[in-house]
Structure formats: C-alpha cells, structure tokens
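Novice: In case you want the letters, here they are:
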Amino acid sequence: MTQSFRLESGGLINRDKKISFKFNGKNYFGYEGDTLASALIANGVHLIGRSFKYHRPRGFFGAGVDEPYAIVQLYRNGETEPNIKATEQELFEGLEAKSVNCWPSVNFDVGAINNFLKIFLPAGFYYKTFMWPKSFWYKIYEPFIRKAAGLGTASIKHDKERYEHKYEYCDLLITGSGPSGLASAYSAAKNGAKVILAEDKSRFGGTLLTSDVNIGNQSGKEWADSIVSELKEMSNVTVKNRSQVFGYYDHNMLVMSERISDHLPETKKYHPKQRLWYIRAKEVLISSGSIERPIVFGNNDTPGVMLSSAAKEYMKVYGVLVGKKPLVFTNNDSGYETAIEFKKNGVDPIILDTRKEPHSEIIEEAKNMNIDIKNSYVVVAAQGYKKVKSADIAKISDDKEELGSVENIKCDCICVSGFWTPTIHLASQSGNKTKFNEEIDAFVPGTSKQNEKTLGAANGIYTLEETLKDSFEKGNQLSKEITNIDNKVSFPNVVEKKSTVHDKFWCVPLPKGKNYKRFLDFQNDVAVSDIEIALKEGYRSIEHVKRYTTLGMATDQGKTSNLNGLQLVSKIENKVVPAVGHTTFRPPYSPVSIGAIVGREVGKHSKPTRKSPMHSWHEKNNAVFVDAGVWLRPRYYKRGDENLFEASKREAKNVRTNVGVCDVTTLGKIDIKGPDAAELLNRVYTNAWLKLPVGKARYGVMLREDGIVMDDGTTTRISEDHYHMTTTTAQAANVLSHLEYYLQLVWPDLNVNVVSTTEQWAGAAIAGPKSREVLKKLFPNSDVTNEGLPFMGYMEGDLFGVKAKIFRISFSGELAYEVNVESDYGYFMWEKIIEVGEEFGIQPYGTEALSTLRIEMGHVAGSELDGRTIPYDNSLEGLISKKKDFIGKRSLSRKAFAAEDRQKIVGVVPLDKKTSIPEGSHLVKDSNAPLPNPKLGYISASCWSVEHDNPFSLAILKDGKNMIGEKLFVMSPLKNKIIPVEIVSSHYVDPKGERVRS
Amino acid sequence: MLYIKCPHCGMRSQNEFSYGGDATIKRPELGKEISDQDWDNFVYNRKSLRGKHWELWQHISGCRQWIKVERDTATHEIFKTLKANEEISL
Ligand SMILES: [Zn+2]
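First to last, the protein sequences are chains Y and W.
Converting from the first sequence to this note's numbering requires adding 77 to each position, the first position being numbered 1.
Converting from the second sequence to this note's numbering requires adding 2 to each position, the first position being numbered 1.
There may be inaccurate statements among the hints.
What the hints assert, rightly or not - DSS-like cross-link-like pairs, simulated, lysine-lysine; straight-line CA separation at most 25 Å:
hint, chain 1, residue 1, chain 2, residue 2
1, W, K85, Y, K961
2, Y, K421, Y, K99
3, W, K82, W, K34
4, Y, K359, W, K49
5, Y, K298, Y, K345
6, Y, K433, Y, K581
7, W, K54, Y, K768
8, W, K34, Y, K959
9, Y, K594, Y, K648
10, W, K34, Y, K359
11, W, K28, Y, K526
12, Y, K99, Y, K298
13, Y, K1054, Y, K1069
14, Y, K972, W, K28
15, Y, K960, W, K54
The set of hints was computed from the structure by calculation and includes no laboratory data.
Since the structure is predicted, the reported quantities are computational estimates derived from the model, not experimental observations.
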C-alpha cells in the first residue's frame, strides 16, 4: 500500500524510519512518530470499526484521548489488549490491530442489521425489550448482546508484563504540557519548587504543536521544546510524557498512569510496561486544555466526519491529509485555521460558517488565500455509508430555525468545529463546584475544594497571551509560598491571530421529510431522538437521562458528547444549561489497564509470604505446604506416593504412639512487660491471672466487648513483671491492636508495654508419649521430669549451647512441650530435635495431623472461634471468673447468651463409622422434613480419628448439652450427602485429660 | 486516600492506618453495675454522623499509637488530630 494521503513533507514524524504494521490482516507502512490512527489515515484507511449499538461504520473522529470511535484490539509481543484507541497508540514495528464490534468483518457486518432495524432500538431499548421473559435473559439475550456488542476481548492468559506502583510527593503537580502547563512549571521550577509535569501524549507542547503562534522570537513549538529541555535539566523537576493524571482523590492525592513500554514492540528487560504513580501534591495546577466539540447534524457519524482540530493535528504533527476534498463546518474561527492549513498544503477546502458576517484576523487571512467561504451555511447531512462522499448543505435563517433549499456538494471529509469545551474532569473530581460560562457555552471550574487551580483553556481562557500571563503568575505565586524564593520569569512577547466570537449554534434542524440520525454520543450511538424519547417518557434529572439513554456512559465518558446532550435537554426542557447541570465526572479520566491498577500484587505476590526459619528443612523433606494467613505451613510430609489422608493419618498416629514434632513458629507471640502486666491479663482474659506463679503457663480465653470469643492461647509468666503471650496464627495482629487499644485509650494508668515477638522466636511442638525422652536428650542438664517440669510449667534450657524456652503445654492432648529459640537458631533446633528423636521414632507432622489431633481431643480452634460463638458454646464456661470483671463479661448476661437451649460444642460420629462428614454440613432431626428443614447446628471441623479409626467431627449444636446420645442427620446439599450420625462428647480422646499430665 | 497527621509521626497516608470507630465512646468502668440499655449503647449503638466526627485511628504501620482524628464524614476534611491521652473538646 502506498501512503497516498501522506504529505510530501512536514509533520513531526521521522520519515527516515519506516515502520510496518498490520491492520485487519493487511500490511501497511507508517513512520516513526505516527499513531496507529495517523498511519492508517495516511494509507487511506478510514473504516476502522462498527458502532456499539447499530453497528454503523466508524472512522476517526479525533486525534487523541477524546476519540470515541477508533477503538481496536491490539496485538503486541504475543499478548492482546482490548479497548485501545488508535489515536493514542503509537506505531511500533510489527504492531497488529483488529477492528472490534464487527462480525464477521468490518466491511460486512451482520450486526449492521441493527442499523436498518434502528426504529426498534430507541432509548431504553435494552431495558424495555430484554426484560421478558426472564428466563430468556441468560440463555438468549445476554449471549447475543455480548457477542454483538463489546469493545474487544480481554485476554484470559496470565499477563506476563510487569506493572509497578510508585508513591511520590511534590510541591506542584502540573497536568498537561500545553502553554499553561509549561509556563506554570517553568516559573515554579525557577523558584526551586519540587515540580512534576505530566503530559498524556508522547510529545510535549499541547496546542503549541499545531497553532501558528510566536513566543518571544521562537515559534510555539520551538518555545515548548526549549522550555521542556530546560526543565528536564533541573533536579527539582520531574518531566513525564505518556503519563496521564486520571484521578483526583481526597487530600490532594492524584493518580497518574505512565505508559512506559506500550509504544515499543516489546518491553525492555527489567522495565515495567506501565507504572502507576500515587502523587500527593501540595498544589495542583490543572492545565489539561480543552476539547473541540462537534456540531450535530444528520449522519454526523459517517467516517470522514471529524473534529476540525484533529484534521489540523493530522496535518501538522503527522503530515497526513484526512481528505483531499475537505468541507469545514464551523461556528467559530478555529475551523478557519484548519482550512488555512489545508490550503497551505495545496488542498482547496470549503468553509461553511454558521455565522452571518464574522470578521477577524484569521477570517481575513482565509479570504486572502482565496478560500471558498459560505456564511450562514450548515451541513444538513453527510452522505456516504463507509466514507463521506458528499454533503447536503443549506443556508440557515438568522434565527437558526429554517433551512433553505438543500444542495449536495462533493467532499471526502467534513471537519467540524462547534467551539471548545474546557477539560474540567480533574477539577470536578477534586470536588470543585463548577460553573457555567455563558461566553464559551461550557462549564469551567468554580470554587476549589482542594488545593487545585485550573489554567488556560481548561479554565476557559482561549488566548495564548492571557494563558501564558496567568500561568507564569500562578506558577510563580504558588511556588513562592512554598519555597520562599521569588525568581520572577520575564514574560515573553506573544504573537497570535485574534479571533472573534463564536456562534452558539450546535444542532442543525432536520429538513422537512427527512429523519436523519443525528448523533450526540458517538461511542454509545445515542442520537437526538433518543434523548427526546427519554424526556417524553418522563426522565428529567440529567443523571437519569444519562443512564436511560447511556449518553456519555461509554469508555470516552462523553468527552465530545456531554455538552451537546445538555444543550438538547435544556432546549427541550426550556431551561438554561446550568439549571440542567452536568453529570458527575468520575475517575479514571480515560480507561486505565487493570494491570496498572493491580501493580505487582498479583499471583503469589498478592500478599506477602511469611516463612518460618525451618522452611527450607520442610521443603527438603517433601513437605506439602498450605497457606495459613500469610504464612506457608507444612500441611503434611509426603512419603512415597502417600496422599494427604494417608500421610496425615500416619503423622497423627505417630504422635499418639511415639512422638512428633510440629513447626509452631507461626503462632502469634506478644511480649508483655511492666508492673501492671498481671492486672492487664486479668482484665483481658476471662479467667484469673493475678496469682499465676513465675515459671507457670496458663490457658486463657479473651472476648470482645460483645461477649464473642476473640482468641485463645497460653500466656507464661517468665519473671515477676514479664509475660510471654501466645495467640492463634490468624489473630496475632488483632490481639496486639486490641491490647494497645486498652492500654493507650481505656486504661492508660496501667504501666505495661506490649510488643510483637512472633518473628523473634522459632517454635517447635514436641508431642507424644515419648516426648519427654526427646527432651531429656535435648536438654541433658535440665530436670524435665514430671516433677521438675510439670504440666503447664516453664523453664529455660540450654539446647547444645543455644538458649531455649521450654513450655510444657499441649494442643494435641498428648504429653507435649513447646521449645522456642531465637529465630536464627530455629533451623539448628529443628535438626537437633529430629536427630535426637530418631531413636524414639520421631516424625515431623503438619497442620493436617495437628488438626486431627486437636479435633479428636475436642480442643477448639479457628473454626469454632469463628466470631459467632461465646465461651459457653465452646464449653469454655469453666474459664469464666465469677469474681472479677473483664472485657466482654457484661455481655455474657444478655438474654440470648444465657438461654437454656443455647448452642454448644459436641462430637459427631457417623453411625456406619465409615462415612466422612463434610465440614460446613448442617445437622437436622429429620432428613425427610419439608424444606426449609430446621437446622439444629453445623459441623465446624472434621477428621479421621486416629485413636478410634473412624470419622469424627466437632459441631456447634443447639441445646448441645442435652443432645449427647441423640441420633441426628448430617446434611450437605453441596456434596449431596445425608449421613445418619450420633452425637457424642466433644472430648473423644482422653476425656479426663490424663495424658498431658503424665 | 486520606492524608492523616499522626501527632507522633507527622503527615502519613491512610494506608498506614486502621480505623477504630467513634472516639467519644467511653468504656464503662470495670466492676460497676450497668443497665442492659447502657451496656447496649456502649457496645452497639453508634450515631452515623454526617459532618464533623471524632474518630479513632491506629497508626498500625507506623508508631502503633491510637490517635483521635476529627474528620468530616461527608467531605473527608480533617480538622484536628490528637494523641490518645489528649482530651477531645467538643
Ligand atoms: Zn505515628
């Protein structure tokens, strides 16, 4: 293909570097510096997709972020991405893109039948039509709509790209590098302020790249280039292109997405694809410019109809002609600038100006160039299906109500200018109360809520001189207040052409007998008639009209459609635009990739991974790991081709018959020190703590103020004023916060300090009838006999030269000890335990065996202490002191908590002694009762009892204390199981607790 | 994301803090008789204010201190922050 629409020279592209790319399977060439859009237009490609609802042909409408049409599916380096704007995507070697919304192809689209059926697709069509019958929705309507609509396909593959997050602080954040952004950044930088200048596009300069102006003795572009290169040299300034500030959040925090690699064929090694910046700025200068708005006329969505500023940008930046027989349709002077540019490039444009007799410098220039200008003229309708072929034009009356006779003129593009809309999104997001500016017919920022100021065109200031003056001053002033430095920049001389007022005309009336679609929202196919219907049907609030018609709800968020929609509503409703009000702007300003939002917190990095010091030993010994909160714990140690069930059974059995060792490093540990430590424990735990002797441990339960069990664990008195508390793995952080809350806020008079020592200690539980033999070998110099270290005793010992804490506590119900050493010695300790334990048949055991052992003992854990149970429910009422008050005690006397038939923990055994009981199953009296079958309780935990060699479960059962011996049914609708069971005591093994004391 | 002035550490982002509810609630004294109604008010009943609100935050990823913050629940404006032992003047 030849680039038949590329100009001989000009533009900011690098003509020395040809770039090949593919669109819809066809090969094309462009140049370095092109966007996909400019390269396609250079190749004469104007049909790029199909519209969302009617599947009408779609071309290019803009040249940047405001583009509503040219959305493609992008293929890059083996990955695919939907929703890419061709006007923003920079060309790279090997780029591939495809149209979306078309099936089977962009040239022949089955969905276009919607276009001919459009009478059936008015506003609210989806709401109205696809409602009934309900059953049709999932099977027929939804899949159909999904296939026919949509803006591309998200990849379901794992994204191998890397995305990063960065936090930054600055004095001034400046969003946009047009004249206002550059001027304010420059004067603020000169005052030594820490400045971040963010430009959405790849090139800095904004409108200076396309307008015919002089600043000082330089052209606009030269001036922009020199300012940017000076800023880049300054250490207090960060200058970022391809970086869009898309959200303005609370307390002056803004979020910017930096597209680092999207313009390259592949991401460089060690580079992220995109980076999300969280920027906390002292002051924000919004210099986001303005977006040209269209004039509404018949078939104004035909490919070839585009914004006049875009046509100019394609010529000036990319050296590309959008057409060779252009029609410029304008209500202001901007259209003339585009026409002049065409003329300069040897193309004869025709200008249709809605104004009767406008006079200005620019208009004079156009006249002097012999450009054909028709005043009081409008485009009635574009003609042509896949590309504009001609335009129906007519004279319009002074009151803009009556059309003259319609004539048809040949043209291949229609460049529209309906004046300019300030880009107030960020200001609005910040909470700024925007106001309507009659002069420019648009909303501008009003009263600031946060530290934001809006400059230049974004603030409705459309002359360069005024913009620069104001921006230099604002940048200087705001930075001066922060840095106390005042290096005033001298204001350069500005040469620009003066323009005259625009015509507030925005919508061409329909000629008699014609029913052309006049589109407001180009991405969502919302036409004038849709808004009319919505209003006829009684929708009044602009927010409702928006949702009903989907005006402005597409991915472009109505950048080119919002104001015209408001104009229409205000016209029909006979209200002024500010009375209609605009809908709320919400972040993101433009779509942001999910990858950038998620950052590096994906897969195994979605949360930190904590490992015990013995982790590598477990790995070497075939441990199969399980996530326990953020910890990785061995679930079981696989021997041969054992499965989970076999391995955990072996491990648990070995604890009951010989001895096992379990890594319990993950248990929460809190060091408690101070003269009032005992008093704190006494208030926090339900049982009595004041008389615990030094060298003794005690089991305790703590409640929330509402009486629900918060956590349990043992706490040991190390010395007079020093305690070592353990918590469950899951609750460690919460318990620490809980203690800090009471110490800092409720009882600040208690002289106690608490600190987490979870990571400081490595722990091993040695459990089983032979555990004392192991201990003797580990600590030959300590008296670990039943007398020397009785149940719930504590001592310090010397483990082959390493200081160790020895606790005689048990979770398994067997004779057991927990040994703690400083984390760095954890691995050493573990190896020693395995080594000396070998002769006693020691085996490591994982969390699965640990669970089995505690379940058959009836020891409660997280599945019973689930935030819904009180001590009684867990048969822990014996631990409730009657003599003292403690956190949550008062709640226990609430009526429901004291009910006679209160739920209570029980054991559950299947009658056949074979069928395993699924956790979470329900307990019912009659398995055949009509639904809803009254639920008596639920299975909290299940295991295979190694002691009895049959399944055993714990359950929380209504009136549990009187249910022992009852026959009930376990029902698991999820697993489709009904199991007859017997209710037994929750203490299935050693109910008297003799083993732990042996 | 809010920007909260920890009285101990200075200005810090919200993600370093965890929220702790109404700061004006006083826990009933230990060991004192209290009616069901008063206890319920302490445990459960909270006003959901629109506007200025004294609330607790803990600087959990910082100094671990609980602090008192006066914040407008509608606008998120923060007026004042206090240390745990400083009294709120309503
Ligand atoms: Zn702090």
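Novice: Determine which of the earlier numbered hints do not hold for this structure and return their numbers in increasing order.
Specialist: Numbers 1, 2, 3, 4, 5, 7, 10, 11, 12, 13 and 15 - these are the hints that the structure violates, sorted from lowest upward.
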